[in-house]
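Please construct the entire structure, taking both the sequences and the accompanying hints into account.
Chains as they are written, first to last, in our numbering: chain A, 12 to 221; chain B, 194 to 363; chain C, 108 to 308.
To be clear, the hints were calculated from the coordinates, so they are not data collected in a lab. Bear in mind that the values here come from a model prediction, so they are computed numbers and not experimental data. Incorrect hints may have been included.
[Stated by the list, open to error] When the alpha-carbon atoms are kept at most 16 Å apart in a straight line, the in silico EDC-like pairs for lysine to aspartate or glutamate are as follows:
1. A:Lys184 <-> A:Asp60
2. C:Lys307 <-> B:Glu195
3. C:Lys259 <-> A:Asp77
4. A:Lys175 <-> A:Glu69
5. A:Lys119 <-> A:Asp60
6. A:Lys75 <-> A:Asp144
7. A:Lys47 <-> A:Asp60
8. A:Lys19 <-> C:Glu296
9. B:Lys360 <-> B:Asp300
[Stated by the list, open to error] Here are some chain B residues pointing at chain C (derived, C-beta under 10 Å):
10. Ile200
11. Leu272
12. Asp300
[As the list claims (entries may be wrong)] Partial selection, computed: residues in chain C whose CB lies under 10 Å from chain B:
13. Ile112
14. Ile125
15. Tyr260
Glycine is no exception: its CB is placed at the ideal position from the N, C-alpha and C atoms.
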Amino acid sequence: MKIKITGKLLAAYTAMILAVIMLFLPGSDTRKFSFKPEDLAAAIASGDDAITASTLSEWIIQGKSDLMIIDIRSEEDFSKGAIKNAVNIPLQKLLKKETLNSEFNVPKTVVLYSNGNSHAHQAWLVLKSAGVDALVLQGGYNAWVETILNPSKPVAMEDDEVLKYNAALSVAKFFGSAGEIKESSASENKSAPVNKPAAQPKKKKLAGCG
Amino acid sequence: MEKKNYISPYLGGVLLGLVLLLSFIISGRGLGASGAMMKFVVAIEKFLAQGHVDSNPYLAHYGATGINPFNDWLVFEILGVIAGAFLSGLIGGRIKKETNRGPQISDKQRWIYAVIGGALFGFGARLARGCTSGVALSGGATLALGSWVTMLCIFAGAYGLAYFVRKLWI
Amino acid sequence: MFAPIAVLNDWSNGINYIFAFIIGIGFGWVLESSGFGNSKKLAWQFYFRDLTVFKVMFTAIVTAMTGLIFIDAFGWIDMSSILINETYLWSGAAGGLIMGIGFAIGGYCPGTSFTGFATLKVDSYFYIFGALLGMFVYGEVAPFIEPFYGGKYSGYMGTVTLQKFFGVSAGVVGFVIMIIALAGFFGAEWIEKKNGNIVKS
Numbered sequence: 012m013k014i015k016i017t018g019k020l021l022a023a024y025t026a027m028i029l030a031v032i033m034l035f036l037p038g039s040d041t042r043k044f045s046f047k048p049e050d051l052a053a054a055i056a057s058g059d060d061a062i063t064a065s066t067l068s069e070w071i072i073q074g075k076s077d078l079m080i081i082d083i084r085s086e087e088d089f090s091k092g093a094i095k096n097a098v099n100i101p102l103q104k105l106l107k108k109e110t111l112n113s114e115f116n117v118p119k120t121v122v123l124y125s126n127g128n129s130h131a132h133q134a135w136l137v138l139k140s141a142g143v144d145a146l147v148l149q150g151g152y153n154a155w156v157e158t159i160l161n162p163s164k165p166v167a168m169e170d171d172e173v174l175k176y177n178a179a180l181s182v183a184k185f186f187g188s189a190g191e192i193k194e195s196s197a198s199e200n201k202s203a204p205v206n207k208p209a210a211q212p213k214k215k216k217l218a219g220c221g
Numbered sequence: 194m195e196k197k198n199y200i201s202p203y204l205g206g207v208l209l210g211l212v213l214l215l216s217f218i219i220s221g222r223g224l225g226a227s228g229a230m231m232k233f234v235v236a237i238e239k240f241l242a243q244g245h246v247d248s249n250p251y252l253a254h255y256g257a258t259g260i261n262p263f264n265d266w267l268v269f270e271i272l273g274v275i276a277g278a279f280l281s282g283l284i285g286g287r288i289k290k291e292t293n294r295g296p297q298i299s300d301k302q303r304w305i306y307a308v309i310g311g312a313l314f315g316f317g318a319r320l321a322r323g324c325t326s327g328v329a330l331s332g333g334a335t336l337a338l339g340s341w342v343t344m345l346c347i348f349a350g351a352y353g354l355a356y357f358v359r360k361l362w363i
Numbered sequence: 108m109f110a111p112i113a114v115l116n117d118w119s120n121g122i123n124y125i126f127a128f129i130i131g132i133g134f135g136w137v138l139e140s141s142g143f144g145n146s147k148k149l150a151w152q153f154y155f156r157d158l159t160v161f162k163v164m165f166t167a168i169v170t171a172m173t174g175l176i177f178i179d180a181f182g183w184i185d186m187s188s189i190l191i192n193e194t195y196l197w198s199g200a201a202g203g204l205i206m207g208i209g210f211a212i213g214g215y216c217p218g219t220s221f222t223g224f225a226t227l228k229v230d231s232y233f234y235i236f237g238a239l240l241g242m243f244v245y246g247e248v249a250p251f252i253e254p255f256y257g258g259k260y261s262g263y264m265g266t267v268t269l270q271k272f273f274g275v276s277a278g279v280v281g282f283v284i285m286i287i288a289l290a291g292f293f294g295a296e297w298i299e300k301k302n303g304n305i306v307k308s
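Following this line, the structure appears as structure tokens:
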């Protein structure tokens, strides 16, 4: 049986062979990882790497768009109490390539927090090197609890202090706390409040792998 | 110059693919065309009404005060396209002042439809951030999701309308 | 890793633009040689008489795509420095449909209209004029449709490739597309044999 080999048929066969080879070729990450020590040092020195708890609370209340709050503590810690709207991505998981490649395709402002500071800063270094606009919550969850959830009652009850305190109380309530008086000078004795965990945060569905 | 036939489409495709690949290898970007047109529009608007360009955020991106719209990769690429097409046409004996159209309409009617079609395409190209060169070819080769979606929509729109405008072409 | 050459060697604008011009020459040359300056030939795609556009486009896409996948696998190119179009689902789809309608009526797309322009096709002059007009109109309308163009209703997904979307490697996507393209070419040959009326020059 004579098989006529035309140019087109040859090209088609070549194409098929190439296709099969392609099937087994490894792809590379399109996410750019760049380690620029000078840029990182500059950000740290200028304080652009962190925000305060009060700034974060303002952003949440104002409904700042593109805001992504990541709680990098363990799932256990997260379930005991977390910041409103925060997503729990434990540190180990956050530093994985799949997470980095899937969570940050759309530009966002990322705020990282752990209980204190150190873990969040580690995560910050990695995210910045992966081109993600990240910030650390100064003082972490501990600071959040102290300043936002438990605003301290002012010692001297002057008018503007009272106003500020009441405003702080409503903010605290917004974030799920019953408020606690740190320094009680008046006769009222509110019962010790329980730190109510923040409203169930939306569990972000990790977009399909990669 | 004697008029020659066009080359085989598969050969043309491979050559075009190689040019596209070369573009990525050399400049890190693919081909494009509609962007250059937009720059030209903004340049004219800059000349006539710079204030208007500055006050419109979409236009300002291309040509606000201090930005030269012609300072752009695509503009030079398009100049090359015109030069290359001219040379190819010259060698192929296909430089001829004519209007391509279907037999049922006149040249003038074709011109009117060309303006209408062009306007629609131009509008759509800005909305989709590119035309067939930038989106279908370049975005297609890099396997960008949105580009494939747009490319399929271009074909869908064209095939869908074709029957209703067949008088123009066949 | 030597590519992209301009990025890795930090070329100035001047050198970049020279190469843009050279690449453009290649682009325009191939377009014209394949007959893309002829609006009737282009439009006859949609009547299944001349499927050159489909063949050229998909051969080109597959060629470049395969090339990128291979040189990426060899480690010769830094894919993260390549400009990959971002995905705006809704505005992209709407724009695509409008472009398709414009193509069927106007018979050109911008790249091919410049090809026609270079070879004195009078209808291309009018097309280019129309396209500039359409873009002008868009510029005026743009601020009002911003939520659809790039805002909440744009379907913005960032830079997403097909492989990322389906969670496979680029090579797998390349394989599938190659198979689809080959099937498409066989189909196109069949259609042209039955119904074809190819514009030869």
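Interface restraint verdict for tyrosine 260 (chain C) against chain B (beta-carbon cut-off 10 Å): 12 Å, violated
Closest C-beta approach of leucine 272 (chain B) to chain C relative to 10 Å, hint status: 6 Å, holds
Restraint check for lysine 259 (chain C) with aspartate 77 (chain A), where alpha carbons must lie at most 16 Å apart: Measuring from Cα to Cα gives roughly 11 Å; hence the hint holds.
16 Å limit on alpha-carbon distance, applied to hinted pair lysine 175 (chain A) and glutamate 69 (chain A): This hinted pair holds, its Cα atoms lying about 14 Å apart.
Supplied contact hint for isoleucine 112 (chain C), tested at 10 Å Cβ to chain B: 5 Å, holds
Pair hint outcome, lysine 47 (chain A) versus aspartate 60 (chain A) [Cα-Cα no greater than 16 Å]: 15 Å, holds
Restraint check for lysine 19 (chain A) with glutamate 296 (chain C), where alpha carbons must lie at most 16 Å apart: Holds. Lysine 19 (chain A) to glutamate 296 (chain C) sits at ~11 Å (cutoff 16 Å).
16 Å Cα cutoff - pair lysine 307 (chain C), glutamate 195 (chain B): OK: lysine 307 (chain C) and glutamate 195 (chain B) at ~14 Å, within 16 Å.
Hint check, isoleucine 125 (chain C) versus chain B [nearest Cβ-Cβ separation less than 10 Å]: At 8 Å from the nearest chain B Cβ, isoleucine 125 (chain C) passes the 10 Å test, so the hint holds.
Hinted pair lysine 75 (chain A) and aspartate 144 (chain A), Cα distance within 16 Å: Within the cut-off at roughly 15 Å; holds.
Pair hint outcome, lysine 184 (chain A) versus aspartate 60 (chain A) [Cα-Cα no greater than 16 Å]: Violated, at roughly 28 Å.
Minimum beta-carbon distance criterion (10 Å), isoleucine 200 (chain B) to chain C: Constraint on isoleucine 200 (chain B) satisfied, holds at 5 Å.
Checked against the numbered hints listed earlier, the structure breaks hints 1 and 15; every other hint is satisfied.
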